[in-house]
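Based on these hints, arrange chain C with the ligand on the given structure of chain P.
Same order as they appear, the protein sequences are chains P and C.
Just so we're aligned, residue 1 is where the first sequence starts under the working numbering, counting upward by one.
Just so we're aligned, residue 1 is where the second sequence starts under the working numbering, counting upward by one.
It is worth saying that the hints were derived from the structure and are not from the lab.
By construction, the Cβ of each residue, glycine as well, lies at the ideal position given by its N, Cα and C atoms.
One or more of the hints may lead you astray.
[To be verified] Covered stretches of chain P, as calculated for chain C (at least 3 residues, CB under 8 Å): (1) 17 to 28; (2) 31 to 43; (3) 440 to 448.
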Amino acid sequence: MRVPLSWLKEFVDITLPVEDLAERLTRAGLECEGIERIGVEGADLPWDPEKIIIGSILEVRQHPNADRLVLADVDYGAGVPHTVVTGAPNLFPYKDKGRLPKPLKGVFAREGAELYDGHAEGWVKMRLKGRPVRGIMSDAMLCSEKELGLSEDHEGVLILPDDAPVGMPLRDYLGDIVLKFDVLPNMARCLSILGVAREIAALTGAPLRMPEMTVVEDGPPIEGRVRVTIEEPDLCPRFTATLIEGVAVGPSPLWMQRRLTMAGMRPINNIVDISNYVMLELGGPNHMFDADRVADQHLIIRLARPGERLVTLDNKEHNLDASLGGGMLPLLVCDPQGPLSLAGVMGGASSEVSAATTRVLLEVAVWDPTIIRRMSAALRARSEASKRFERGVDYELPPLVQRRALSLLQRIAGGRVAQGMVDNYPRPWQPVTLDLTPREVRRIVGISLSAAEIADLLRPLGFACDLIDDGAAVRVTAPSSRRDITMLADLCEEIARMYGYDRIPLTLMADALPEQRNNPSLELELRVRDLLAGAGLDEAITYSLTSMAAVAAVNPADADASLYLRLANPLTPEREYLRRSLLPTLLEALAQNLRERERVLLFEIGRVYLKRAPGSDDPRPEEPRRLALALAGRRYERSWHTPDETVMDFFDLKGIVETLLSRLNISGVQYVPLTDDPRFHPGRAARLERDGRVLGVIGEVHPDVCERLEIAAPRAMAAELDLELIGALVEPVRYRAISRYPATTQDLSLVAAITVPAAQVAATIRKYAGALLESLTLFDVYEGEQVGAGKRSLTYRLVFRAPDRTLNDAEIAKIRQKIVRGLEHDLGATIRG
Amino acid sequence: MALIDQLNQLEQEALAALERAADLTALAEWKSTYLGKQGALSRLSRGLGALPAEERPAAGARFNAARATLEQALERAEAQLKRAARQHAFEADRVDVTLPGRAPAIGRLHPTTQMLRTIYNVLGEMGFQVWESPEVETDEFNFQLLNMPPDHPARDMWDTFYVETGPGEPTLLLRTHTSPGQIYAMRANAPNPVRAILPGKCYRYEQVTARHEMQFFQVEGIAIGEQISFTDLKGTLVAFAERLYGKGVKTRFRPSYFPFTEPSVEFDIECFLCGGAGCRVCKHSGWLEILGAGMIHPTVLRNGGYDPEKVSGFAFGMGPERMAMLRYGIDDIRWFFSGDERFLQQF
Ligand SMILES: [Zn+2]
Numbered sequence: 001m002r003v004p005l006s007w008l009k010e011f012v013d014i015t016l017p018v019e020d021l022a023e024r025l026t027r028a029g030l031e032c033e034g035i036e037r038i039g040v041e042g043a044d045l046p047w048d049p050e051k052i053i054i055g056s057i058l059e060v061r062q063h064p065n066a067d068r069l070v071l072a073d074v075d076y077g078a079g080v081p082h083t084v085v086t087g088a089p090n091l092f093p094y095k096d097k098g099r100l101p102k103p104l105k106g107v108f109a110r111e112g113a114e115l116y117d118g119h120a121e122g123w124v125k126m127r128l129k130g131r132p133v134r135g136i137m138s139d140a141m142l143c144s145e146k147e148l149g150l151s152e153d154h155e156g157v158l159i160l161p162d163d164a165p166v167g168m169p170l171r172d173y174l175g176d177i178v179l180k181f182d183v184l185p186n187m188a189r190c191l192s193i194l195g196v197a198r199e200i201a202a203l204t205g206a207p208l209r210m211p212e213m214t215v216v217e218d219g220p221p222i223e224g225r226v227r228v229t230i231e232e233p234d235l236c237p238r239f240t241a242t243l244i245e246g247v248a249v250g251p252s253p254l255w256m257q258r259r260l261t262m263a264g265m266r267p268i269n270n271i272v273d274i275s276n277y278v279m280l281e282l283g284g285p286n287h288m289f290d291a292d293r294v295a296d297q298h299l300i301i302r303l304a305r306p307g308e309r310l311v312t313l314d315n316k317e318h319n320l321d322a323s324l325g326g327g328m329l330p331l332l333v334c335d336p337q338g339p340l341s342l343a344g345v346m347g348g349a350s351s352e353v354s355a356a357t358t359r360v361l362l363e364v365a366v367w368d369p370t371i372i373r374r375m376s377a378a379l380r381a382r383s384e385a386s387k388r389f390e391r392g393v394d395y396e397l398p399p400l401v402q403r404r405a406l407s408l409l410q411r412i413a414g415g416r417v418a419q420g421m422v423d424n425y426p427r428p429w430q431p432v433t434l435d436l437t438p439r440e441v442r443r444i445v446g447i448s449l450s451a452a453e454i455a456d457l458l459r460p461l462g463f464a465c466d467l468i469d470d471g472a473a474v475r476v477t478a479p480s481s482r483r484d485i486t487m488l489a490d491l492c493e494e495i496a497r498m499y500g501y502d503r504i505p506l507t508l509m510a511d512a513l514p515e516q517r518n519n520p521s522l523e524l525e526l527r528v529r530d531l532l533a534g535a536g537l538d539e540a541i542t543y544s545l546t547s548m549a550a551v552a553a554v555n556p557a558d559a560d561a562s563l564y565l566r567l568a569n570p571l572t573p574e575r576e577y578l579r580r581s582l583l584p585t586l587l588e589a590l591a592q593n594l595r596e597r598e599r600v601l602l603f604e605i606g607r608v609y610l611k612r613a614p615g616s617d618d619p620r621p622e623e624p625r626r627l628a629l630a631l632a633g634r635r636y637e638r639s640w641h642t643p644d645e646t647v648m649d650f651f652d653l654k655g656i657v658e659t660l661l662s663r664l665n666i667s668g669v670q671y672v673p674l675t676d677d678p679r680f681h682p683g684r685a686a687r688l689e690r691d692g693r694v695l696g697v698i699g700e701v702h703p704d705v706c707e708r709l710e711i712a713a714p715r716a717m718a719a720e721l722d723l724e725l726i727g728a729l730v731e732p733v734r735y736r737a738i739s740r741y742p743a744t745t746q747d748l749s750l751v752a753a754i755t756v757p758a759a760q761v762a763a764t765i766r767k768y769a770g771a772l773l774e775s776l777t778l779f780d781v782y783e784g785e786q787v788g789a790g791k792r793s794l795t796y797r798l799v800f801r802a803p804d805r806t807l808n809d810a811e812i813a814k815i816r817q818k819i820v821r822g823l824e825h826d827l828g829a830t831i832r833g
Numbered sequence: 001m002a003l004i005d006q007l008n009q010l011e012q013e014a015l016a017a018l019e020r021a022a023d024l025t026a027l028a029e030w031k032s033t034y035l036g037k038q039g040a041l042s043r044l045s046r047g048l049g050a051l052p053a054e055e056r057p058a059a060g061a062r063f064n065a066a067r068a069t070l071e072q073a074l075e076r077a078e079a080q081l082k083r084a085a086r087q088h089a090f091e092a093d094r095v096d097v098t099l100p101g102r103a104p105a106i107g108r109l110h111p112t113t114q115m116l117r118t119i120y121n122v123l124g125e126m127g128f129q130v131w132e133s134p135e136v137e138t139d140e141f142n143f144q145l146l147n148m149p150p151d152h153p154a155r156d157m158w159d160t161f162y163v164e165t166g167p168g169e170p171t172l173l174l175r176t177h178t179s180p181g182q183i184y185a186m187r188a189n190a191p192n193p194v195r196a197i198l199p200g201k202c203y204r205y206e207q208v209t210a211r212h213e214m215q216f217f218q219v220e221g222i223a224i225g226e227q228i229s230f231t232d233l234k235g236t237l238v239a240f241a242e243r244l245y246g247k248g249v250k251t252r253f254r255p256s257y258f259p260f261t262e263p264s265v266e267f268d269i270e271c272f273l274c275g276g277a278g279c280r281v282c283k284h285s286g287w288l289e290i291l292g293a294g295m296i297h298p299t300v301l302r303n304g305g306y307d308p309e310k311v312s313g314f315a316f317g318m319g320p321e322r323m324a325m326l327r328y329g330i331d332d333i334r335w336f337f338s339g340d341e342r343f344l345q346q347f
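Okay, chain P solo, but in the shape it has when bound (with noise of 0.2 Å):
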């Protein structure tokens, strides 16, 4: 809501500075976003008063050297007029008529005057310094609205009207602030300029003054003339009507015209300007209809019936059925012919106001909000008139916004007003009556405030209190313009804001401490986060939403959209379905950072979506959390100390994820060789199984994939990994007695055919070695000429160690023994040392 401080010192005494205004404002509720200034000291282009004043032109003549410019004599209160050059066009009509008859208001500007430049883009300024122009001397110069900085119009100069005051700095003519409001929806009483007001009046105590309401009702009586019929009370409460006849269509006047723009309303032409007008001042939407348009002068409110249709205002035809309604059928105001308007949203085109529109029928209504909300949704034209009636139009001010509006017509288009008004009022406003008491204050606002105080904190507002029960409790009867008022909490928040939000003390909370609880599912994130970031890893959060495309870059078989929860209103194609895969997005930045750097480690921690099955109790979708990681490039950053130019592989990510695991103290867990994941290398991927339960998938990205995901590295690795399932794997750490007794060292190596997985090697060593052996170490791989084809070494390191004793060389060889003979054969593998 844009609120020029002129309009509003029309209704209330302002004496703090606007700045201190603001501040006051928003710290009771009605938050000023901005302000603006127009003209004045501290707009971006202030009018000097020396410099820029009203002036009164005289007499226009042809330019001597060029046909496309006059000259314009101007008195701007100087004694002497002062010529000036001008290419106006709006000027040429009054060129060489002589001394005008009605001479012409226009802005004059002196040599030195800082203005906007009319003929640049957008706003440029500029100094006025005089020049001959086409020999005669320009020195000063009549501005345009663009140069002002009023508007983007530079056709002509700016003719002011014919009261304005010669010799006054356009400054206290023209220049106004504009305060700029953010109204949250229980604040919609500040739709308007008169909310506005009577918030500061309740706020500062200064009185509230109503604008000019005289009305000469010099027409005949409306009754009978005018009819109003309401078929649905309950969606349209109010609705009063009057007329006005003999009217001049022609625009408004100035200052109408600039308080418009400033609000942000464009002036269409006197009958409309003034309808938007009393809106904006008073808050009440009202409608205009050419009463010759409207069919026996009789308003019918009733809902669409079957195969209606109605062309709008914006020339847009309608069918009037229940999409326009958001499933409720559309309300109208009608007349026996049939449609004329969408209640409260839209006017109808046969019924606009026209140039020719002599007689005037104003309708000032209150109507349902929901009603209106739904079809304006449905029109997607959410006016000033329809967002007033959705937040709720106070039931009783149809009457002042008719007087107003009436007023108003009267004086500047002119007619004859018919007695009365037609005011049918079906269900009347149902004033809220609320006992409130200062204990329940005390509870909610934690202030103690005695009956009398907590009335004297209400009434300013509008608020009728009583004291009852002998001063125990107020009985507080909310105003008609407080709509959102509706229970006790609604009262404490006036009285917090009345009393100063900032006034009130701080406390912290006294009572006893709720039970706390685990919560092992944080602490998991907590621990993956920080042993990740601890193992190189930078985190990384990505979108939720993807697309079918960047699915079916990673992997083809997964985009089949009918798995996915797709959004109904997207914004992108982009990010229309939730994931059920980390890995796209992420695989994504992967390939991203690479353009940019040649080592890239990347995780993230977020929640898939998975549809449930049809007929589950839960609509929503389950959420389970998963861990996915994507690294490439160089395995050591590029340094002067470690020339190592290798890049990551498959074991890079495995000794990670490996690390993660135990970590988390979950052992047990087999990597099984997966073949046919079409995101994988098939020889360098593994499934994770504990139990035959799946954890996750881990290997090199298929080089299919890289490339079209563009990962310019010579092996990408990703992984993605069940996080809820590896919380529940999680076991906790059991302390083992240290021995005191030393350890002893063997080391073992052997050959086998390299289709003998090495974890098979190693279980066969530990079942062998027994209890005593204590860690086992792989040192050494070797595939090469000196073991022979299909075979490959394997070196282990083998360390036993008993509680209880030291372990004497007959234990440890006979140890050795059976570890050989088992791995002889089990796996036909053949000892070298």
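Showing chain C with the ligand alone in chain P's frame:
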């Protein structure tokens, strides 16, 4: 020559010879020459037996003193040689200390994660515990139970992504705030008191710009009990702000509107970028909005299973990305979900 004179002479000679010994080999040689079992000193000491008995103790003492002197001199010489040798080694070992070090590869947590942890820690100390809830929600939980029946005008405050559903299925949407979590936390605890933090990803149907994302995190907090009032809300939020922004930070409470709180409040801190003078970031107001809050609406309390006439409570909500943007001076929210290392590696 008397034995003692011979001893004095030997001592002088030995000390002079020690001066000339330039390395450890020479020292070893010197040691065996003078101090060894067959060395000069031992040989000379055999003369002690020939002295008269009454002179023997004094002469013996003199011999011991001489041996001690020479041994100490040897120790000093050894130490000095070692020092010199080490000094030499140091020279050979000298490095350019301005060369870059070997950095351990330690990753970084996302700035949102870091902000969330800070929030959890501060609020955790006040007894608030984390509760999580779904991101894909029903209209009932995202709006209706939070005092926004269908057609409520406040629904305009949240532009919503809807999820396609089959005919007859309930409306599903992407939660526009973490407030549905309030209902879960309340229902799990009512009628007992509760203090909970509700964090998570939220979504808004909004064109993505430097200031607005379609996806963002939110953290809400609720405290419900029998004696909780607006003054507790104020005290808790100020304590929170002081932990995050420093003791004595200037704060401002102003009335606001949220359908699920009444009274509602917007909580501002003095802009720490301009010190309250006004700048681009605070839109020249001198204040930064960091939290929305209020006393939980009686309808919401009732929907959570509480009797609003017996218990009361407050709720507050904040945006960790926005807080991180302010803290680090980030000017574009889109970096948060870019996965771009140029961004991630700054925090
Ligand atoms: Zn600032």
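(Q) Checking each numbered hint in turn, tell me which of them this model violates, lowest number first. (A) none
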